[in-house]
Amino acid sequence: MKTRNLSTLLAAGGATALVLTGCTSTTGENQSASGVPLIEDGKLTVCSNTPYTPFEFERDGEVVGFDMDLADEIAADLDLEKNVIQTGFEGIESGADLSTNKCDIAISGITITEARQSVMAFSEPYFDDELGLLVTAGSDIQSFDDIGDARVAVQQATTGQTYAEDNGLNFEQQEDTALMLQSLETGGVEAVIGNVSVLGNRAAENPDLELVDQESNGEQLGVAVNSDNTEMVDSVNSTIQRINDDGTMDTMREEWMGL
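Under the numbering used here, the letters of the sequence shown match residues 1 to 259, in that order.
If you're looking for bench data, these hints aren't it; they were derived computationally from the structure. Hints should not be assumed to be uniformly reliable.
Here are the simulated SDA-like cross-link-like pairs (lysine to any residue), alpha carbons at most 20 Å apart as the crow flies [what the hints assert, rightly or not]: (1) Lys43 x Glu73; (2) Lys82 x Ser118; (3) Lys82 x Asp234; (4) Lys82 x Glu205; (5) Lys82 x Asn206; (6) Lys43 x Thr230; (7) Lys43 x Lys102; (8) Lys82 x Asp146; (9) Lys43 x Glu62; (10) Lys102 x Asn83; (11) Lys43 x Asn237; (12) Lys82 x Asp69; (13) Lys43 x Glu90; (14) Lys82 x Gly61; (15) Lys43 x Leu80; (16) Lys82 x Lys102; (17) Lys102 x Gly188; (18) Lys102 x Asp128; (19) Lys43 x Asp72.
Label-pair restraints from in silico Cβ distances [to be verified]: (20) Asp234 x Asp140: 48 to 54 Å; (21) Ser143 x Arg59: 30 to 36 Å; (22) Glu215 x Gly35: 24 to 30 Å; (23) Asn217 x Gln31: 14 to 20 Å; (24) Thr230 x Ala150: 45 to 51 Å; (25) Gln241 x Glu81: 21 to 27 Å.
Keep in mind it's a predicted model, so treat the numbers as computed, not measured. Every residue, glycine too, gets a C-beta built ideally from N, C-alpha and C.
Using the sequences and the hints given, assemble the complete structure.
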């Protein structure tokens with residue numbers, strides 16, 4: 001999701017390799033009580049990119065949302081304080097933020113892809129999503145097939161951008177979701193392509209917008225971790241299993257997405 005894709009990483013493969021070469025992995029000098037390596041003692045440092053409602057966004061000076069609730073559960077199981085670092089999505093999706101020890105984990109609507117798995121580790125999937133098409137109410141565009149030459153907005157480095165590129169659409173890239181949606185609401189574009197979980201949330205809040213089509217592309221979100229930190233991957237997977245089993249995940253989906 002954000003659902004975010006790795007097309008930009010492949011396009012800049014040489015530069016990315018230079019970024020990752022020589023970066024230090026998690027040293028393990030700091031550890032949780034259960035022996036999970038940390039970059040700062042007593043804290044679970046989480047990289048995230050906002051705004052991406054309902055997964056992560058600011059409210060009253062605090063970053064909240066579905067992903068942040070998940071981070072709270074992971075931190076609680078490790079008996080750690082959560083520390084959120086807001087960063088650009090490029091640093092997250094390239095693996096640079098993790099490989100340079102900027103954070104212990106990244107939770108930011110990150111789609112699991114083979115390309116990303118080559119530069120970072122992922123937890124088991126915690127959310128399935130689809131690609132959606134958002135338009136203004138009454139638009140002639142009622143499906144992906146109707147887009148034609150219409151101008152659409154996508155968030156850069158996401159699967160929305162990949163779809164637009166693969167289908168030869170007339171599109172503009174926006175740095176984040178807020179700018180992408182603003183472009184639609186102000187008439188800069190005629191449609192937005194992104195994840196249903198995010199676009200559906202906006203449509204529910206704004207009667208002038210309509211989610212008209214969606215397409216299953218097998219997207220699954222995961223928590224990203226430094227490839228060397230297998231202990232953290234195991235711990236995150238344990239938390240995901242627990243909250244699926246005890247109903248916490250269902251409560252989170254209901255609170256943030258109405259699902």
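**Study point:** Hint check, failures only
**Key:** Per hint list: 2, 4, 5, 8, 13, 17, 18, 22 and 23 violated.
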